[in-house]
Structures are given as structure tokens and as C-alpha cells.
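K.L.:
Residue numbers (my numbering), protein chains in the order written: chain A, 1 to 290; chain B, 1001 to 1406; chain C, 2001 to 2313.
One thing to keep in mind: the hints can contain errors.
PhoX-like cross-link-like pairs, simulated, lysine-lysine; straight-line CA separation at most 20 Å [what the hints assert, rightly or not]:
#1 B:Lys-1103 x B:Lys-1076
#2 B:Lys-1199 x B:Lys-1172
#3 C:Lys-2293 x B:Lys-1126
#4 B:Lys-1202 x B:Lys-1175
#5 B:Lys-1172 x B:Lys-1202
#6 B:Lys-1207 x B:Lys-1195
#7 B:Lys-1124 x C:Lys-2138
#8 B:Lys-1126 x C:Lys-2150
#9 B:Lys-1199 x B:Lys-1396
#10 B:Lys-1250 x B:Lys-1384
#11 C:Lys-2138 x C:Lys-2150
#12 B:Lys-1124 x C:Lys-2141
#13 C:Lys-2141 x B:Lys-1126
#14 B:Lys-1146 x B:Lys-1124
#15 C:Lys-2150 x B:Lys-1124
#16 B:Lys-1369 x B:Lys-1146
#17 B:Lys-1207 x B:Lys-1250
Some, not all, of what chain C presents toward chain A, calculated at C-beta under 10 Å [as the list claims (entries may be wrong)]:
#18 Leu-2018
#19 Gly-2106
#20 Leu-2107
#21 Tyr-2108
#22 Val-2261
#23 Leu-2265
#24 Leu-2288
If the Cβ cut is set under 7 Å, some of the chain C residues that face chain B in the computed set are [said to hold, decoys possible]:
#25 Tyr-2028
#26 Val-2134
#27 Asp-2277
Since the hints were made in silico from the structure, they are not lab data. Beta carbons: idealized from backbone N, C-alpha and C, even for Gly.
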Amino acid sequence: MTWRIALQLALSGLSVGSIYAIVALSLAIPFKASRVLNFAQGELVTLGAYIALVLSSYGLPYPVMVPATLVIAAGFGILIERLFIRPIVGAPEFTLVIATFAIGLIIRALIRIHWQDNVFFLPAPYSGPALAVGPLRVNPSYLVIIGSTAALVTLLVLFFQQTRLGKAMRAVAYNQTAARLMGISVGKVFGSAWALSAAIGAAAGLLLAPVAGINPELGHLIVKALVAAVIGGFGSLGGAVFGGLLLGVLETYAGALFGAALKEVIPFAILIAFLLVRPNGLWGATQVRV
Amino acid sequence: MFGARKLLSALATSLSFAMLAAIPAAAEQGVTADSITIGAFGPITGPAAYIGLAGRDGATMAIKEINAAGGINGRKLNMIFEDDGHSPAKALAAVKKLIDEDKVFMLFNVAGSNGTIGTIDYVKEKGLVMFVSFASAPGVTWPFAKNLFRGGTTEVPRYGELYAEYIVDGLKAQKIAILSGREEYPKNEGDALTKQLQKWYKITPVKRAEFNIGDKDFTPQLLDLQQADPQVIAFFGNPAEAAIALRQAKELGLNQQFFVGTTMVDQGFLTAAGPAAEGASGFALIPLLPGSSNPAMKAWRAKWSAEYPNLPANRPNIFDVLAYADMYVVAEAMRNAGKDLTTDRLIDALENLHDYRVGPIASPRSFAKTHHIGNLRLQPMQVKNGEWVQVLWESKRPSDILQRYH
Amino acid sequence: MRLAHAAIAIAAVFSVALPLFGSEYQIYLAELILINIVAAIGLNLLTGNCGQISLCHASLMAIGAYTTALLTTRLAVTYVLALPAGVVVTTLLGASLGYPARRLSGLYLALVTLGFLEVVSIAIEEFPDLTGGVRGLKLAKPELVGLLLKDNALYFFVLGMTALAICAGWNIQRSRYGRAFDAVRQSVIVAQALAIPPGRTKLLAFSIAAAFAGLAGGLFTAVVGFIDPTEFDISASLRDITFIVVGGLGSVAGSVVGAVVLTLLPETLRGAKEYGDVVYGVILLGALVLAPKGIVGSLAFLARRRDSKGGLT
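The following block holds chain A by itself, in its conformation from the complex:
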């Protein structure tokens, strides 16, 4: 393996890892805000991507489309929470998990009926040919993903630490009853948590649209995102992002050294290893902490 190849693999690994990172971030949010494993989170990413697709087909300029997508997605999040999650909020944990699975299925099936399994790539203003760094090449879209993800993490950390709503979410995730006793409106917190999850998911969808392609199965990335979140530790937003990047690099090297089959196995081998040895991940902790 030459130096050029080794470095290119690292760069490509970080690139594909940035995809995992942003999806992992969107997965860590509902967990941080309500301690629920949201099986529909992948579909929230898909939903965001398709909202962007529809808006851009109306010719909206990019700087308008982005906030519009986030707002509409947040609206969907609130709607889903109100209609489907609120009625079963007291139910056993498994019921909630299956409910999110059902919601994901419905979203995916509806999208499929209308758009079929065509793949759409949504170019962004920053899309363009690969940048050259010596003999290495990197597509600028990935740099935007990494940059945006870093910015989002910073904003979210501030949100959870400094704002009232953010602190309320952490309280509800930590202990619902105590939070209620402290006067926090748990219903409103859940609604906001879903809105936030949907919005961050939509951001992920927007960032992915130029490079990963929009199709109904986009939500399948959630599986890799789960691995990333475990590596980083579920309570840590920055950790989830780091987990995604690390996963991308490890996967890419595995593919180069061992072939496609092992490339498929590596994420899960890492997952199992981490869960057995260090389940809280690199930065997670038993108590909620950023």
C-alpha cells in the first residue's frame, strides 16, 4: 500500500464517516431528549431529504429552501408526536419502540408510492468537482458535511446546557416523574424533542442529498449511525460525531485490506466489542452529561 493510497483511504474514510456522523448526531438527539430509541429516526432523515427535493422542484433558492425544510420537518415531528406518541406515552417501553418502527414503515411506504425507488441527487451551491490536495482528492460536499456537523454540535451543546428548554429536556430524560414534579410540562418537552429530532434529521438529509442520493431506503443508514453512537457514547453529541468519523475510517481500511464482505462485518464486530468492553462508549457516562 503506497502512501498515496493510504492517505486517500483516510480522506475517503473521513468523508463517508461524515455521513455516519451527521446521522448519528440526529439519532443521539431523541435519546438525549427523551431516552427513547427512535426507530423512525432514519425515516426522519429520509423525510427531510424528500421535503428538500419537493421544495427545490418549486425553484426555491438554496438559502430559502434550507430553513424552510427544517421548519416543515419540525412541524412533521410535532404532528407525529401529538398523534401517535402522546397516546402511548405511559405504555411499556417495547410498545413505544414498535410504535416508532410502525411510524417509520408508514413514512417509507408513502414516500415509495409517490417517488418509487428512483435515486435523486440534489446538487447544492457548494457541489462541484473534487478538490485536489496534492495527489489526493476530496469532494467538497463532504467538507461541508463535516463543517456543518461540527457547527451543529456546538449549537446543540449550548442548547442543552444553557437554554431552559434544553435543560428541561435533559431533566425529562433523566427522570420523568421528578421533572414533572418540578413543574416541567413533559408533553411540551416531548413535542419539542420530536421537533428537534426531525429538524436535525432533515439537516442530515439536506447534507446527504448531494453525495449519498435520496431514495426511500436512505433511512438504512441508521444502523451504521447506531454503531457510531455506541462508539461515542449515547449521551455525548460530540462523541456520536467522532464515532461516525472513526467508523468511516475503520470501514474503509477494512474494505481495502480485506474486501467487501469484511467491510460489512467490521462495524458490527466493533459494535459488539465496544458493548462488551466499554458500553458507555468513549465519552458517554451513566448520568446525562454533554
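Using the hints, position chains B and C against chain A.
P.N.:
Quick look at chains B and C alone, frame taken from chain A:
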């Protein structure tokens, strides 16, 4: 002595009754004085829905036209369609329901390979004709079964023959690399090409790399291929992966010509891959793609849009056209079988079809008593200025696959 | 309670009499339902009773299915021996999940089982010469001591196996192991205080669930005759979980009801055509909202309320 003879004759009689009972009933079920019921199945939910939905819609349009023109020997065609969700278990349920409850006369299969393989044994046992419009799984026509027919897609080894001949004789390449997905159809295409290159030309691919369906990055494989320095890279997978792989190939400086599998030779690939698709070549399952400006295709599209005004992007796709054409093949054979329509007479009529097609939008179909592979022709195409355009190249080598049917 | 007994009697008579009036399609559906019942009972013991979440139940079925299939097709072992062999192999592999279960719970355990599922899937695909890989594996009809198991013979065989599974599940639940499961689910600390070893109990629960799954998988090969890895993926595991959640966690009756309802549902939704998945999701959600404790759980709850009301005189 006397008792033994009585016993023997009783035994013989009961044995013959048992044998008669064991013979699958010749399925004149599904045929009434004024209608013929066809059972169809394919995936209309799940990731493969674009195949089944197109199959259903194409076949339905054909049936509507045929009925409007008077039907078949005074009978109207009637189709019952069942979803198989691309799952073998559900496909078997669909087939059992169609045969046993809906009492169909024959099966029209638009299920792709996944839903087909699991049902073959059951259909063979039941004896009805199953006409498979798109499934490349070898099991449909090999080993030979009297009641199974293959329409649009040809046998997998044939893909290998055409691909190999085109790449070596048409594209004049000796150093070939293959990048294939780890799923049945792409794997079949890759294996068939490899085998045929060895058999006809004694060429071994300089590299064979694989990727996983759903992969978003192909750098390790592409760097590997780059090192091997091929002249042509054959890519077998789905449009989603093809789009990313082709884009990344250009980014990494691989400027080789790409040869893609049949799934990519359709509008969906062009939408997904954009400018990266330019120059790619491949074989189309039908002579004219739905986007073609050929007048026959334009006329067909107009009919289709009138029938289905609200359908999503990139429809009609190749499966719409294939199912439409194959339904006409079935109808033609039914017509030739005459008023007294039975399964045996339908089989006979199909086997006597030579170069039948409904129009320039379809490839000619021929069957024989020894084999039921309807189509041996694929149309080579290349992406020029963002459109798939026919390439003027004809295969000159005779196919080997028919040899094993003698 | 009498209602429950009547329901069981009716179901038993119906299932035995089905071949008399049912079409091949209906008998096939019944066989699929029976297989799902077996799988659901195993999962319910693990998840409903012992509280261990498992996302890999389908891959345990896969192990059972592939083991049975490989023994019959590649090694010409007769089905009546291959089926229990499949159960044994699955139980051993399923027991390996007991190790991570000792130290993890909830989400983290779920993720380990997810990892297990994916590894099994990849293993099946990676040895195509052995398992048929992504192309799948076709199987000949099995025989039971010379009798070819097809049509009605196969149906009664599957019915018999399911009845055995139901009895086994019922008895396990009522045994001291079943009580140990419940204790571990409620509180690991309290279980330890009661001298119930949580680690070993969880190991037992995973092994038992695997055994049921292995049986279901082996029956699947006989009924469908064709297996490929896509039949045993994460959606299949989630579907198994829906059986027990909608039917009722922690009860054998819940497993039966859930498997029956949710296996029939997609088939009855054939009329919804391409909207089948959407309608299925909506109905599933509706069931969860209206009966969050599951069908059997909610019925039991209502029955208790009615009983308690009647007692207030």
C-alpha cells in the same frame, strides 16, 4: 389362483385410479365461455416495487387494448394481481391463492428472481403454464420444464456471452476489471461475464472487486481497480451505487470506459448519475428505451400517459414495456391455440411462436419444443449527451447456451 | 376464564378440521401462522417474561432453517433427525448471547443482538457454496420415516410440533424457571436477594428462545421449500416483536393471538395493493394506541376490572 387374479385386477384398478388422481388436473380452470383469467404476481411493496408495479401496469394496459380489440377468440382477458413483497414465502402464498382460490388458467410472473425460485417447484407440480416476464434466475428454463416459459429477460449465461463479445470485439478491450454488488442479479452478471471471457477469449479479468448494496463509498475498490490499470470497467449493481461509484471514479482519476449491467440501462440511472454517466455503455433488455425519440416508442408513450396520467418520475420504465410486450406474446399464443383452450394447447402454441413481437418496441420472441428461452437478443447502447442511444453493433458469435438443450 | 377455555377448544377443533374444507392457500397460511406461533412463544419467554430485548430472533430462526436445510440437502440426513439437530445448533449459538446479557441490558443488549443478527446474515452470504449465499437454497420435500411430508401430512406435522411448543411454553412459564424469569425482569437486585442467579437465568432464557426459534426455522424449510437471507433480516425480527407486543407480553396466549392476527393481517390487506404497507403500519399503530398492553393483556385487564367491580356488593 382365482382369488389371486381378482386381487391383482383390484390392485391394478386401484393403482390406475391412484395414478390418475396423482396427475395434476389439466388446468382448464380459469377458462369460461367468455373469459380467460390470468394470475399475475410481483413486488408492489418494498424496495423492488418499481419492478412489480411496472409489470402490473404494463400488463394491464396490454390486456385493456386486447379486450377492446375483441379479446381472444371471443373471450375477454381478466387479470388478478397479487403482491409478493419480493419475499419467497409471500410469493408462494400469492401463487397458491391464485391457483387454488382464484382458479386462474395460467400465471404471468413479473416478480424478478427472488419471488420466482421458491414457486417453481409448486408450479411444476400443478402443471399450469407460468410465463416469466422478468427473472434471470436459471431455474426457470434450466432444467427444462414443460410448463415454464421465459419472456423478456434472457438466461444469465447469455448475458455473459453478449457482454464478453461486446467488450472484447466491440470495445476492443483485453484488460477488463469487474466491480459487482453482493446481491443475486449483479453477482450473476459478474460471474457470467468472467466465465465467458475465459471460455471464448481465454481472458481473465485483471481485477474482480465487490461492494455491498447500500454502500456510499467505493474508494477502496476503485483504488484497487486503478492499480490494475484496466481498459474497461464492468459495473454490476443498482443505479444508486452506480451513480456514486461513477462519480468517485472520475474524482479519483479513473478515466476508463464503464460498461454497466442491464439494471442501469434505463432512465433512472441517468437521473441518478447525471454527467458521470456520459460514455457508459451497456445492454438494454428492450430495443427502444421509453425515453427514445423513435416514433413507435413515442406513440406507445402517448398511449401509456393517457392510461396512467399521474405516475411518478421515470415511469414508464423498461419493466412497463417488457410486461406489455410479453402479455401480447401470451395473448398471441392463446389466439393461435384456438377456441378449445387448454394448457397443453397453449404450450404447443407458445412453442410454435417464431419471432413474434407486438411492434418495434419489443424484441422478437421464439420458443421451441426443446427450450423455452424466449429472447436471446439484447440491444447495446451508450450514453451520449445524457441519453441512452442505440449502438450499431451486432453479435456475430452464435450462442452456446442452446447446445445443452439437445 | 371459561371464555378462554371455550376459545381454546374452538381453535383446536378448527385447526384439526382445516384440511377438510380449506384450500391449499389457506392451509399454507395456517402453516405460516403455526410457525410464527412457535417463534413468538420463544421470544415472549425471553422478552415478555425475562425482560431481555432481542433484535436477532429472526437470525436464530435462520440458523435453525439453514442447519436443517443443509443437513437434508448436502448431507442427506433425514428430516426427522435434521430438525432436532437444527434446534440443538440454534440453542447452542443462542446461548452465546447469554454472555453479553449478563452485563448489559435495555438498549445496549438490543444493539448486541443487532450485531449478532448482522453477523449471521453476512456469514450466510459469505459461504455461497455451502448456503447458496444470496441466491438462496431450494429444498426437497422432507419425509418422516418414509412418509412424504406434503399437503395434509405436512400440515398435521407442523400442527403437532406447534402444539408441543405451546405446551412446553406454558409449562416453562409455570415452572420455577418461569418464575425466575419474571423475577429477573422485575428487578435484578431483588432476584439476587432471592438467590436467583440473574446471569444464569438470562442465559437460560436466551437458550430457550433460541430453541423455539430453531424449531420454527426448521419447520419453515419444510413449509416454504426455499430459504434466503432476506427472509431473516431486521424487519423479520421486528415483525416477531410485533407479534408479542400486539398479542400481549408475557403470556403464551398473547404469543398465539399476536402471531395469528399479524400473520393474517398482511394477507387480508392484499386488496390494499401497493398501499398494503401503509395500511399495515396504521393498523399496527392503532393496535398499540388502543391496546398498549397487547390484545390479551388488555382483555385480561378488562376481565379483572369487571371481576373486581362485581365483587363490590
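K.L.:
When you check the alpha-carbon spacing of C:Lys-2138 and C:Lys-2150, does it fall within 20 Å?
P.N.:
holds (15 Å)
K.L.:
Please work out if B:Lys-1126 and C:Lys-2150 have their alpha carbons no farther apart than 20 Å.
P.N.:
holds (14 Å)
K.L.:
Per the CB criterion, is C:Leu-2265 less than 10 Å away from chain A?
P.N.:
violated (12 Å)
K.L.:
With a cut-off of 20 Å on the C-alpha distance, tell me whether B:Lys-1207 and B:Lys-1195 pass.
P.N.:
The given pair, whose Cα atoms are some 14 Å apart, holds under the 20 Å limit.
K.L.:
Holds or violated: B:Lys-1124 and C:Lys-2141, Cα atoms, limit 20 Å.
P.N.:
holds (14 Å)
K.L.:
Quick one, are B:Lys-1199 and B:Lys-1396 close enough, alpha carbons at most 20 Å?
P.N.:
holds (16 Å)
K.L.:
Please verify that hint: C:Leu-2107, Cβ, nearest Cβ of chain A, below 10 Å or not.
P.N.:
holds (6 Å)
K.L.:
Is the Cα-Cα distance between B:Lys-1369 and B:Lys-1146 20 Å or less?
P.N.:
Satisfied, since the Cα-Cα distance of roughly 9 Å is no more than 20 Å.
K.L.:
Does C:Gly-2106 pass the interface check with chain A, least Cβ-Cβ distance below 10 Å?
P.N.:
This hint holds: C:Gly-2106 lies near chain A, its Cβ roughly 8 Å from the closest one there, short of 10 Å.
K.L.:
Grab the minimum C-beta distance from C:Val-2261 to chain A and call the hint holds if it beats 10 Å, violated otherwise.
P.N.:
At 14 Å from the nearest chain A Cβ, C:Val-2261 fails the 10 Å test, so the hint is violated.
K.L.:
With the threshold set at 20 Å, check whether the alpha-carbon distance from B:Lys-1103 to B:Lys-1076 stays at or below it.
P.N.:
Since the Cα atoms of B:Lys-1103 and B:Lys-1076 sit roughly 16 Å apart, the hinted pair holds (cutoff 20 Å).
K.L.:
So, as I understand it, the hint says C:Leu-2288 touches chain A; can you test that by seeing if any CB pair is closer than 10 Å?
P.N.:
Cβ of C:Leu-2288 sits 5 Å from chain A, so the hint holds.
Comparing the model with each numbered hint stated earlier shows that hints 3, 18, 22, 23 do not hold.
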